[in-house]
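For chain A, the structure is supplied; the task is to place chain B on it using the hints.
Read top to bottom, the protein sequences are chains A and B.
Residue numbers for the first sequence follow UniProt numbering, so the first one is 1 and each next one is one higher.
Residue numbers for the second sequence follow UniProt numbering, so the first one is 1 and each next one is one higher.
Rather than coming from a laboratory, the hints here were simulated on the basis of the structure.
You may find that some hints are simply not true.
To be verified - With a straight-line cut-off of 30 angstroms between C-alpha atoms, the simulated DSBU-like cross-links for lysine-lysine are:
| id | chain 1 | residue 1 | chain 2 | residue 2 |
| --- | --- | --- | --- | --- |
| 1 | A | LYS120 | B | LYS185 |
| 2 | A | LYS119 | A | LYS28 |
| 3 | B | LYS119 | A | LYS119 |
| 4 | B | LYS119 | A | LYS120 |
| 5 | B | LYS119 | A | LYS185 |
| 6 | A | LYS119 | B | LYS120 |
So the chains spell out like this:
Number of protein chains: 2
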Amino acid sequence: MSEQAQFELFAFWRSSAAFRVRVALNLKGLSAHEQNIDLDAGEQRGAEFLKISPLGSIPALVQDGHEPLTQSLAILEFLDELQPSPPLLPSDLYGRARVRSIASMCAADTHPLIVPRVKKYLQETGGFDAAAWRAWQIRWLGAGLAAVEQRLASAPETGTFCHGDEPTMADICLASIVAITRVFKITIPDVPTIDRIMTACDQHPAFMKADPKRQAGAPK
Amino acid sequence: MSEQAQFELFAFWRSSAAFRVRVALNLKGLSAHEQNIDLDAGEQRGAEFLKISPLGSIPALVQDGHEPLTQSLAILEFLDELQPSPPLLPSDLYGRARVRSIASMCAADTHPLIVPRVKKYLQETGGFDAAAWRAWQIRWLGAGLAAVEQRLASAPETGTFCHGDEPTMADICLASIVAITRVFKITIPDVPTIDRIMTACDQHPAFMKADPKRQAGAPK
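Chain A with its partners taken away, still in its complex shape (with noise of 0.2 angstroms):
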């Protein structure tokens, strides 16, 4: 760990999970040194990750002294208590319900579906080759994002972002879900009001310096 890094973040420069962790760090002022697991070299299935975190999944936060942290629901809620300001949920128990459940909609009930060790039965086992892989990809991105949308596009309580006008949770979530669309080149139609709320997001300093495009390991 670097002399100034507060965190070892174990991280792949496209992984959606660790973006996520990239922002919350970003937004929170806390620094961290990223250490890369190359997904497509299988390395998050070496025995010496799997100690750190043994569902072999990224990101995962280490903290001198501490047991490491991993999956990104909870580390955005670490991050959160550790540094409240500036928070990533509402102050009202509603609209935290409401942020933690966009959250969930797209790090639980989406990103999971299309990770690698999923690719890999599918196409090992399941016989998908690759058009069958790129319809499951859009099939499962298509479906949350459409939700998330449904949820965002009446709701009084969608603004700039999608909970108000600062950023919390369920925009690090979204964000991290339309990051893998723009990698793997998938277009997802109808979904003016997250389209809209990207736009704030890409101008936003925290999450551009968490664009999987400028991380250390990313195709030129």
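Chain B alone, transformed into the frame defined by chain A:
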């Protein structure tokens, strides 16, 4: 909604995510009137229910005068804030991160892979027959539980339950995955710590009352 019930809960007898909310309500001493959404009949894809839960996912928790709450992890956090005693999270920062991480390993990285909409896609589009679907269920339930076992087995924080001697969100989510294995008669070997913790859950009234087999609509 009945006069006594504080919530309306859209659920299905064997739903793992609905089980989580049932246990939390029981632990908190809160009551809900259940509205059955028959997943086998596809009722979750009906236009009326999609207005309540845009992803067609259950549970949805409805309280008069408020928007429906969806996503079990968000609902658990909501109930814990609404009614703080007994707590579903430990009192320390790192303990909370550990409990939320185990909860996510179950509810975010395991369960979404084996829900009805994924089964429908794999059978109708992916060419999976019944045996291939069962192998898929076993693969992801096994991977999830093995990873949680690794996290629990050696940790000093593990007690009678996943974190100390009282149930937390981690036990709720872990028991919800084990409940699925029981419904589908899938045995996951070599998880002795989980087996021990499940014995404690099986003897806890809040978990007993939430048992899928005891819910309306369950097969005799």
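Here's how the hints hold up against the structure:
Note on LYS120(A) and LYS185(B): the hinted pairing holds, with a Cα-Cα distance of about 26 angstroms set against a maximum of 30 angstroms. The suggested pairing of LYS119(A) with LYS28(A) is violated, with an alpha-carbon distance near 33 angstroms, which exceeds 30 angstroms. Distance check on the hinted pair: LYS119(B) and LYS119(A) sit about 16 angstroms apart at the alpha-carbon level, within 30 angstroms; holds. Distance restraint check for LYS119(B) and LYS120(A): the Cα-Cα separation of roughly 18 angstroms lies within the 30 angstroms cut-off, and the hinted pair is therefore satisfied.
A distance of roughly 26 angstroms separates the Cα atoms of LYS119(B) and LYS185(A); the hinted pair therefore holds under the 30 angstroms criterion. This hinted pair checks out: LYS119(A) and LYS120(B) have alpha carbons roughly 18 angstroms apart, not beyond 30 angstroms.
Checked against the numbered hints listed earlier, the structure breaks hint 2 alone; every other hint is satisfied.
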